[in-house]
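*Asks:* Respectively, the protein sequence lines represent chains A and B. Just so you know, the numbering used here puts 46 at position 46 of the first sequence, and the rest follows in order with no gaps. In the numbering used here, each residue carries its 1-based index in the second sequence increased by 1000.
Take these hints with a grain of salt, some might be off.
[Unchecked claim] Subject to a maximum C-alpha distance of 27 Å in a straight line, what follows is the list of computed DSS-like cross-link-like pairs (lysine-lysine):
| no. | chain 1 | residue 1 | chain 2 | residue 2 |
| --- | --- | --- | --- | --- |
| 1 | B | 1088 | B | 1102 |
| 2 | B | 1183 | A | 85 |
| 3 | B | 1191 | A | 124 |
| 4 | B | 1023 | A | 124 |
| 5 | B | 1191 | A | 102 |
| 6 | B | 1088 | A | 85 |
| 7 | A | 85 | B | 1165 |
| 8 | B | 1024 | A | 85 |
[Stated by the list, open to error] Computed footprint of chain B on chain A, listed as stretches where at least three residues anywhere in the stretch have a Cβ under 8 Å from a Cβ of chain B:
| no. | stretch |
| --- | --- |
| 9 | 14-24 |
| 10 | 37-45 |
| 11 | 74-82 |
| 12 | 109-116 |
[Unchecked claim] Here are the in silico distance ranges between beta carbons for each label pair:
| no. | chain 1 | residue 1 | chain 2 | residue 2 | range |
| --- | --- | --- | --- | --- | --- |
| 13 | B | 1112 | A | 93 | 48 to 58 Å |
| 14 | A | 97 | B | 1057 | 29 to 39 Å |
| 15 | A | 10 | B | 1306 | 17 to 27 Å |
Read the hints as simulated data drawn from the structure, not as lab findings. Built from N, CA and C at the ideal position, the CB exists for glycine as well.
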Amino acid sequence: MFDKYMICEDGFGNVTEGDDTIGFAFQARLPYYRGIGLSMVEDIAVTIDGEAVPREQVRFSVRGRTWTLDEMETEYSDRWNFGEKALITVLRAGGLPPGKHKVQLAERIRVSYLPFVPTTRDSKELEIAA
Amino acid sequence: MSNYEIKRGVSLYSYQEEYFLGKKSLEDLIKVSAEMGAKGIELISEQTFPHYPNPLDQSVYDNWHALMAKYGTTPVCHDFMLDYKKYKDRPMPFDEQVASCKVDIDHAARLGCPYTRALVSIDPNVLVACADYAESKNVRILIEVHAPLHFDHPWIIRHAEAFEKSGSKYLGFLPDMGMFLFKFPPVWKAKFIRDGVPQHIADYICKAYEDRTLSEYVILEVEKMGGVGPAIGMAITLRHNAAFEPKRMLDHMDRIWNIHAKFYEMTEDLVEPSIPYDEIIKVLKQGGYKGYICSEYEGNRWIQDAFPVDSIEQVRRQQEMFKKLIGETAAAPAA
Chain A
1 MFDKYMICED GFGNVTEGDD TIGFAFQARL PYYRGIGLSM VEDIAVTIDG EAVPREQVRF
61 SVRGRTWTLD EMETEYSDRW NFGEKALITV LRAGGLPPGK HKVQLAERIR VSYLPFVPTT
121 RDSKELEIAA
Chain B
1001 MSNYEIKRGV SLYSYQEEYF LGKKSLEDLI KVSAEMGAKG IELISEQTFP HYPNPLDQSV
1061 YDNWHALMAK YGTTPVCHDF MLDYKKYKDR PMPFDEQVAS CKVDIDHAAR LGCPYTRALV
1121 SIDPNVLVAC ADYAESKNVR ILIEVHAPLH FDHPWIIRHA EAFEKSGSKY LGFLPDMGMF
1181 LFKFPPVWKA KFIRDGVPQH IADYICKAYE DRTLSEYVIL EVEKMGGVGP AIGMAITLRH
1241 NAAFEPKRML DHMDRIWNIH AKFYEMTEDL VEPSIPYDEI IKVLKQGGYK GYICSEYEGN
1301 RWIQDAFPVD SIEQVRRQQE MFKKLIGETA AAPAA
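From just these sequences and the hints, can you work out the full model?
*Replies:* Shown next, in the form of structure tokens:
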């Protein structure tokens, strides 16, 4: 459910730190009917223009706090709320060139009552302004 | 005099599409529910309230009660989750599961809900261990009996036996009407076809469902027909759904205190094509059911890829159907 709402249309762009462009970021939501604790988010897999991003280069941020995907697995209090837009940052020196880019996202969450660990996918073409 | 009292309610789960997208506020949803006469309100707090089950400000509870008073609605049930798979590398210890449930019992009490829903996969011993605490808070814990489970399944029988043995009057059942899926829902079929299932395979699966063919035979047959990917996925839905009999609720009426009126689609002429609500309401009347029947719309996920979702209109139609089936309009003078 909510597959097509996972990648948000707004918020796509390069990320700068001082004078350096350190990566790019976009906003994403959970494809689920409730929020969940971050320890139950097993993976946030990003593919950009067909190229899979290594897990260790992905950062997850909500409400001003940031985690690596490994750190999220032992975050037992903070949550990704229902419908909440998280910032997904991909560390990548130089970021992305202006123009259209194909963003693919696969979120894997561990849900207690499900007899499987679902992975849900979305794909969108987003643009970085020149 | 009838010995039943079937009251209309709604689970805010029904409006998840509009709430997720921020198109409707909590107040909007309470207001439209009250306007439909769905005066009992059920909710999944991890959907309705950001950060829950972390502690919430008192203002959240104050606002909730203010909304109930403003619109004349009644809190019915807080649905809790119990994330016993919180730790990737280990199961949640028993005592921690019990403590987690007590947080939900407290929360239900603060919301004014007489019931709290436990998911069907929860260990009955955890619920029994919470029974005295639930009684002290005057909150009843209801295990949700949800497809593919049903009242004759050994897991549910184990719950029933544990509840009886405990002697507690604070443990019961919340049946989800989706377990009485008499026909393959048309919105499911249409979605699978959009996802690439060939028409003849989709037709076969629906026919096999109506013939009550065992799911494993249907899956094998679809494989033989050359079905792959979404075709197998469509066949596998038969493992998780079945046309169990509404009358199987009758043996458990003394512990059924709330009901999820699951539905996937309400047509313009007020019919749910796949779930036999006429039969269900008849059984509830026969069983002397006294409690709420809460709309639970779950059609959005089957149409949102291709069509706009109007959860409010869908719930409104189901509520209109309930008015007729319950007989609320029966007292109106003949034209």
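*Asks:* Please go over all the hints and tell whether each is borne out by the structure.
*Replies:* How the hints compare with the structure:
| no. | hint | result |
| --- | --- | --- |
| 1 | B:1088 x B:1102 | holds (23 Å) |
| 2 | B:1183 x A:85 | violated (37 Å) |
| 3 | B:1191 x A:124 | holds (20 Å) |
| 4 | B:1023 x A:124 | holds (22 Å) |
| 5 | B:1191 x A:102 | holds (25 Å) |
| 6 | B:1088 x A:85 | holds (24 Å) |
| 7 | A:85 x B:1165 | violated (46 Å) |
| 8 | B:1024 x A:85 | holds (17 Å) |
| 9 | 14-24 | violated (count 0) |
| 10 | 37-45 | holds (count 4) |
| 11 | 74-82 | holds (count 5) |
| 12 | 109-116 | holds (count 4) |
| 13 | B:1112 x A:93: 48 to 58 Å | holds (55 Å) |
| 14 | A:97 x B:1057: 29 to 39 Å | violated (45 Å) |
| 15 | A:10 x B:1306: 17 to 27 Å | holds (23 Å) |
Hint compliance for this structure: hints 2, 7, 9 and 14 are broken, all remaining hints hold.
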